[in-house]
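Novice: So the chains spell out like this:
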Amino acid sequence: MRRVLYLTPIVFMVVFAICPILIMVAISFWTRAGFSVVPAFVFDAYGEFFGGARTAVLTRSILTALLATALCLVVAYPVAYLLARRSRPGFVRVVLLLFTIPFLVNYIIRNFSWAYLLGRTGPINETLLALGLVGAPVDWLLFSTFSVYIGLVSSYMPFMVFPLWLVLAGIDQRLIDASSLLGATPLQTFLRVTLPLSLPGVFAAVIFGLVGILGESAVSLILGGAGYELMGNTIMSATNVLNYPLAAAMSTVTVGLMVLLLVVWYRVADIRTFLGQIMGRG
Amino acid sequence: MHGAKTTHRLSLLLLALVLVFLYGPLLHPLLVALSQTGQVGPGMTFTLDWFGTMFSGRLVGPALVNSLIAAGIAGVITPILAVLGAMAVREFKPKRLIVLIMILPLFIPAVTMGLASALLLRMLGIPASLLTIVVIHIVWALPFAFLIVLTVMSGFNAVYLEAAYMSGANRWRAFRDVELPLIWPGVSGAALFSAIISFNETIRTTLVQGANNTIQTYIWSQFLQVGLSQQLFALMASLILLTVGLVVVMIALSLRRTD
Chain A
1 MRRVLYLTPI VFMVVFAICP ILIMVAISFW TRAGFSVVPA FVFDAYGEFF GGARTAVLTR
61 SILTALLATA LCLVVAYPVA YLLARRSRPG FVRVVLLLFT IPFLVNYIIR NFSWAYLLGR
121 TGPINETLLA LGLVGAPVDW LLFSTFSVYI GLVSSYMPFM VFPLWLVLAG IDQRLIDASS
181 LLGATPLQTF LRVTLPLSLP GVFAAVIFGL VGILGESAVS LILGGAGYEL MGNTIMSATN
241 VLNYPLAAAM STVTVGLMVL LLVVWYRVAD IRTFLGQIMG RG
Chain B
1 MHGAKTTHRL SLLLLALVLV FLYGPLLHPL LVALSQTGQV GPGMTFTLDW FGTMFSGRLV
61 GPALVNSLIA AGIAGVITPI LAVLGAMAVR EFKPKRLIVL IMILPLFIPA VTMGLASALL
121 LRMLGIPASL LTIVVIHIVW ALPFAFLIVL TVMSGFNAVY LEAAYMSGAN RWRAFRDVEL
181 PLIWPGVSGA ALFSAIISFN ETIRTTLVQG ANNTIQTYIW SQFLQVGLSQ QLFALMASLI
241 LLTVGLVVVM IALSLRRTD
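Line order of the protein sequences matches chains A and B. Just so you know, we're using my numbering here: the first sequence kicks off at 1 and counts up by one. Just so you know, we're using my numbering here: the second sequence kicks off at 1 and counts up by one.
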């Protein structure tokens, strides 16, 4: 009875997270008949996806996801490092709280703000004009690749700080001390001890950034301007015209990439080293 | 030593810049909502009018009620599931697989999760309702709640349970009287975290809500259909303030744990 109770959350996840994904994968092989879908096993939807202009969106999404995730990492890693290795507990608590708030506030609202801040009459352009740095408002700040990256980094970076902090804080200080006692410079210690030991957390943060951005729809809609699409937008448009097999096929490709990354993570990085602190001796 | 000091200052500067980058967008809706004309800057005229009229739209009230109900239910159910999930990690093997299943929704893009859930509902013939909204919110919040509860439970010393058993307590009594009080700060933190996540969700919800709205999907649909008004900025500013308030309560609860 007790063990059955413990199983409920796992069953819940299987029913409401894994089953929907499996059904979606199945529907990606079905065919359309008017406004409904008919069970089949054909690759029509994939043909429609890879045969058309949507491949360009997939390529752009993958490139955007890679670059934006790298940018997130460049910002989040030093922050997590600073918190984990060099700071007093009270300071860490306050800063983590400061990262929790923007992470929890709906990222769509935060992106609405960016649309204003980066606009022609927004404060950034006003400041540039007032300082005389530019003669006319800068147009490429908004509805551009630049603004999309700003939106993506501000949406996904706060989350990435947490797994990075978790893994960096879990590194045994004695290893760092041993390294410097053996004559390594701080940089050598970082490159040969800290960085390799933090890779499981880096991988977790990177997977989260990559899959989120790959399927992103709101940031590109708000900050990308007319016609700027990421996979999420293309999936949404297919859903809106009730082309479920196509929407499912595109989502399946996204999930497929995610599963690939998770399998690598599961095999290579060992979740226990990432969750070492919180999984006990498991 | 001089080099170390410079590095320290530089890292604090980086931290400050990152925080400005994150907090600028939180401040902006508040300023627009307080501005008479929508213009923000030196010399702007302040008003609270927009906060007074932000509930005037016919759809705002029901959307807000839906959001509050969903956040309330998610805030109760999710931490319970999270505790049971953490128990499962303690009890069953392989632990890694259980953890992976529990945190899986973190790795599924919002649109994909929404679409997949909508397809499941269609297949089963379940109509979209507040219940379907709540379920998709719990799926999204559970990984976070689970990780929070797992963290506090790992700090719990099993010796206390042994002591309870030796004093004649059964499993349930030992949990209720010994373990639960000790992990309670984490559980209540997970509850608030789940409610906040539910309250701030948009994209997943739009795909399973049918004719219903939450306050977030209402704002989103207004943006898509007619654009953002001053009232909407007042609404967004209120949602930001509410979220900040809840986070502060959450932190206050977690501070009690260390005292």
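It is worth saying that the hints were derived from the structure and are not from the lab. Incorrect hints may appear among the rest.
As the list claims (entries may be wrong) - Selected chain A positions facing chain B (Cβ under 7 Å, derived; list incomplete):
id: 1; residue: VAL11
id: 2; residue: LEU63
id: 3; residue: VAL211
id: 4; residue: ILE235
id: 5; residue: SER237
id: 6; residue: LEU242
What the hints assert, rightly or not - Using C-beta positions, here's what the derived DEER-type ranges look like:
id: 7; chain 1: A; residue 1: PHE35; chain 2: B; residue 2: LEU224; range: 44 to 52 Å
id: 8; chain 1: A; residue 1: ARG192; chain 2: B; residue 2: GLY210; range: 51 to 59 Å
id: 9; chain 1: A; residue 1: ARG120; chain 2: B; residue 2: GLU91; range: 37 to 45 Å
id: 10; chain 1: B; residue 1: MET123; chain 2: A; residue 2: THR121; range: 25 to 33 Å
id: 11; chain 1: B; residue 1: LEU19; chain 2: A; residue 2: TRP140; range: 21 to 29 Å
id: 12; chain 1: B; residue 1: MET166; chain 2: A; residue 2: VAL15; range: 17 to 25 Å
id: 13; chain 1: B; residue 1: LEU124; chain 2: A; residue 2: GLN173; range: 48 to 56 Å
id: 14; chain 1: B; residue 1: PHE55; chain 2: A; residue 2: THR127; range: 50 to 58 Å
id: 15; chain 1: B; residue 1: LEU224; chain 2: A; residue 2: THR127; range: 46 to 54 Å
id: 16; chain 1: B; residue 1: LEU124; chain 2: A; residue 2: LEU175; range: 46 to 54 Å
id: 17; chain 1: B; residue 1: PHE21; chain 2: A; residue 2: ARG192; range: 38 to 46 Å
id: 18; chain 1: B; residue 1: LEU13; chain 2: A; residue 2: THR127; range: 16 to 24 Å
id: 19; chain 1: A; residue 1: GLN188; chain 2: B; residue 2: LEU224; range: 47 to 55 Å
Claimed, not checked - According to the in silico footprint, chain A covers these stretches of chain B (three or more CB under 8 Å from chain A):
id: 20; stretch: 28-41
id: 21; stretch: 48-60
id: 22; stretch: 65-76
id: 23; stretch: 80-88
id: 24; stretch: 114-128
id: 25; stretch: 159-167
id: 26; stretch: 175-189
All residues carry an ideal CB built from backbone N, CA and C; glycine is no exception.
Novice: Could you run down the list of hints and mark each one as holding or not?
Specialist: Taking the hints in turn, this is what the structure says about them:
no.	hint	result
1	VAL11	violated (10 Å)
2	LEU63	violated (16 Å)
3	VAL211	holds (5 Å)
4	ILE235	holds (5 Å)
5	SER237	violated (11 Å)
6	LEU242	violated (11 Å)
7	A:PHE35 to B:LEU224: 44 to 52 Å	violated (22 Å)
8	A:ARG192 to B:GLY210: 51 to 59 Å	holds (56 Å)
9	A:ARG120 to B:GLU91: 37 to 45 Å	violated (59 Å)
10	B:MET123 to A:THR121: 25 to 33 Å	violated (49 Å)
11	B:LEU19 to A:TRP140: 21 to 29 Å	holds (26 Å)
12	B:MET166 to A:VAL15: 17 to 25 Å	violated (39 Å)
13	B:LEU124 to A:GLN173: 48 to 56 Å	holds (53 Å)
14	B:PHE55 to A:THR127: 50 to 58 Å	violated (35 Å)
15	B:LEU224 to A:THR127: 46 to 54 Å	violated (30 Å)
16	B:LEU124 to A:LEU175: 46 to 54 Å	holds (52 Å)
17	B:PHE21 to A:ARG192: 38 to 46 Å	violated (31 Å)
18	B:LEU13 to A:THR127: 16 to 24 Å	holds (19 Å)
19	A:GLN188 to B:LEU224: 47 to 55 Å	holds (53 Å)
20	28-41	holds (count 5)
21	48-60	violated (count 0)
22	65-76	violated (count 0)
23	80-88	holds (count 6)
24	114-128	holds (count 7)
25	159-167	violated (count 0)
26	175-189	violated (count 0)
Checked against the numbered hints above, the structure violates hints 1, 2, 5, 6, 7, 9, 10, 12, 14, 15, 17, 21, 22, 25 and 26; every other hint is satisfied.
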